[in-house]
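Quick note, the sequences are listed as chains A and B, same order.
Start counting the first sequence at 91; every next residue gets the next number (the working numbering).
Start counting the second sequence at 91; every next residue gets the next number (the working numbering).
There's no promise every hint is true.
Since the list gives no way to pick one copy over another, a pair counts as held whenever it fits inside one copy or between any two copies.
[To be verified] Below, in silico cross-link-like pairs of lysine to any residue (SDA-like), each with a Cα-Cα straight-line distance of 20 Å or less:
id, residue 1, residue 2
1, 398, 118
2, 207, 251
3, 342, 238
4, 413, 397
5, 261, 273
6, 399, 107
7, 399, 430
8, 119, 156
9, 398, 431
10, 399, 97
11, 399, 431
12, 413, 101
13, 119, 195
14, 421, 389
15, 398, 430
16, 399, 425
17, 399, 104
18, 421, 385
19, 399, 98
20, 399, 106
21, 119, 148
22, 399, 101
23, 398, 415
24, 399, 427
25, 369, 386
Derived by calculation from the structure, the hints in this document are not laboratory data.
There are 2 protein chains.
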Amino acid sequence: MAGGVGSRFWPLSSEERPKQFLDVLGCGKTLLQLTADRFSGVVPAENVWVVTSAAYHDLVREQLPDLPEGNILLEPCRRNTAPCIAYVSWRIKKINPRANIVVSPSDHVVADIDAFKTAVAEAMEFSAETDAIVTLGIRPDRPETGYGYIEGDLSYSSSRKKNIFRVDSFKEKPALEVAQEYIKQNNYFWNSGIFVWSVNTIVNAFRVYCPEMARLFEGLMPVLGTEGEQEAINREFPNCENISVDYAIMEKAEEIFVYPASFGWSDLGSWSSLRQQVKQDLHGNACIGENIDLYETNNCIVHTTQEKKVVVQGLDGYVVVEKDDILLICKLSEEQRIRLFH
Amino acid sequence: MAGGVGSRFWPLSSEERPKQFLDVLGCGKTLLQLTADRFSGVVPAENVWVVTSAAYHDLVREQLPDLPEGNILLEPCRRNTAPCIAYVSWRIKKINPRANIVVSPSDHVVADIDAFKTAVAEAMEFSAETDAIVTLGIRPDRPETGYGYIEGDLSYSSSRKKNIFRVDSFKEKPALEVAQEYIKQNNYFWNSGIFVWSVNTIVNAFRVYCPEMARLFEGLMPVLGTEGEQEAINREFPNCENISVDYAIMEKAEEIFVYPASFGWSDLGSWSSLRQQVKQDLHGNACIGENIDLYETNNCIVHTTQEKKVVVQGLDGYVVVEKDDILLICKLSEEQRIRLFH
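In isolation and in its complexed conformation, chain A is listed as follows:
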């Protein structure tokens, strides 16, 4: 899924180039490229599909040159994750009705790639053998209020996989006190938005919980994979309900499983989370860019292009971002206002 617009990373991200298409970590690869890399060895290259906005086709093409052209699915408008997942699910079903699928956002980061691959492989083994909907749940290491949580029932593991558990409920982003309660227990996990299921399972789930959307894509089956696909999608896709897969399926489905994992995951939803995710100096500063000099500066994130020299003196707890013709300096504690600054 590579259709998001990520306004919280302004001015680094923009609607023209949202964060999945940016080298947010300063590692030489964009988040989309890092996401694709994570699946190498798990999913054959020809089985990777990218669903994005029509406007981002060229960015995907450029950043994933090995991706078959036909594996880029273009949404004519943004309709949140449920229609996105429905589209690619029916598209894959057309090719292989017995396919096994991992759905992943393309703008998250994972620190421990091996642990990630292990988790995905184990979850896929499970979903291939069952009709289970599996979510990857991240073991929390702090009472994060920026994530949704999954409450697992640790007494009820699958007979096939002892480390996959029934989901009791999904929890919205909690208040701090609630998050603190969650992490005192050991059965609450961050909802990573990474799902694993067979194509049959998810298509059936759409039929049960989103019958209109299911009918729409069922009706498109004949043109999927043909020359008429894009035109039909452009016509019909806007009629889909604008709804997340969490609301459309997850919170309604009966049998959902969680695979608790620890692979250093972050949704990079804010400058603060990026600061936490990259290497910090002894003073808690995260610098992304080669030519950054800090003096008496603590707990800041400084993000710049490689060519720029940045000198910061005397800041504590700020984000400093410089990109092209925009410079932003903002307290990290006020970063939720950044989207209002454009």
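Given the coordinates of chain A, assemble chain B onto it according to the supplied hints.
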């Protein structure tokens, strides 16, 4: 005098383009251009001379296109103000041994141009009729520790000009308590570095107080204004003592006068002084640049190029400068360290 390198305005200024060649105020003119403008109507255009480093010839040419080419004097190396003034004094003497001269830095600012012109005209009237060395002293409005002071003897004014007084002494940049004492009295003035004298007076002063330097330029008299001038200067100028006119002449000469004036002068020696000099918003912020948005920001100076959008949230008492490939953020209270940050 346009040969300074102004390292305190980094990254706005650089050795390649020091502050006199920059539009520091964001008014569309460089400090050199503003300085030249201040003398229009006081000094005929053909009588304006610019002494600068050879490296800055093209900048002067470009910024003062009406200046006669022969009126740009090029120093082959930096030797402070005394040799600079000696050179142009003998050069002018060659043309007109009865000339009357104003010496001015090119990187200062003056808010009240009319008051400046009046002061210069009156001081020149005086210096034309006498053999007086006259300095323009600025009436202080605060106990500034960044300027040298001139102690005047207000009981001893010239019989020709009642508002021109004998100088008792020159004072180095004072400590704050000392500066506070100075401004309690009314006979201490900031040393503006603007001098007025006849060519005879200054040449004689060099002969008395800097005899070696005087002999050097006396020896060059035959080639000044000829094709051989630059070559001879390139050969001899480096032999001059590296010394300011303040040390070389002012502090030694017997008969020095001060013309106390108030024309909104600043030497723009620091980002703080620039902040004081330009229009501030209600929160004490001085913005130079068109596209600057401030939120919860006070007492800052933000300087950027016209094309750059800058958003600053939550800063108090900082300088933020963005120029080409350099960004500087620094507490104004620490700005004396900026020269160490390059």
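Okay, the hints, checked on the actual structure:
no., hint, in the structure
1, 398 to 118, "within (16 Å within a copy, 26 Å between copies)"
2, 207 to 251, "within (16 Å within a copy, 90 Å between copies)"
3, 342 to 238, "within (16 Å within a copy, 78 Å between copies)"
4, 413 to 397, "both (11 Å within a copy, 13 Å between copies)"
5, 261 to 273, "within (13 Å within a copy, 67 Å between copies)"
6, 399 to 107, "between (23 Å within a copy, 18 Å between copies)"
7, 399 to 430, "between (27 Å within a copy, 14 Å between copies)"
8, 119 to 156, "within (15 Å within a copy, 53 Å between copies)"
9, 398 to 431, "between (23 Å within a copy, 14 Å between copies)"
10, 399 to 97, "between (25 Å within a copy, 17 Å between copies)"
11, 399 to 431, "between (24 Å within a copy, 11 Å between copies)"
12, 413 to 101, "both (7 Å within a copy, 18 Å between copies)"
13, 119 to 195, "within (16 Å within a copy, 51 Å between copies)"
14, 421 to 389, "both (10 Å within a copy, 17 Å between copies)"
15, 398 to 430, "between (26 Å within a copy, 18 Å between copies)"
16, 399 to 425, "between (23 Å within a copy, 18 Å between copies)"
17, 399 to 104, "between (22 Å within a copy, 14 Å between copies)"
18, 421 to 385, "both (17 Å within a copy, 11 Å between copies)"
19, 399 to 98, "between (24 Å within a copy, 17 Å between copies)"
20, 399 to 106, "between (25 Å within a copy, 17 Å between copies)"
21, 119 to 148, "within (16 Å within a copy, 44 Å between copies)"
22, 399 to 101, "both (18 Å within a copy, 10 Å between copies)"
23, 398 to 415, "both (12 Å within a copy, 5 Å between copies)"
24, 399 to 427, "between (26 Å within a copy, 17 Å between copies)"
25, 369 to 386, "within (18 Å within a copy, 30 Å between copies)"
The structure agrees with every numbered hint stated previously.
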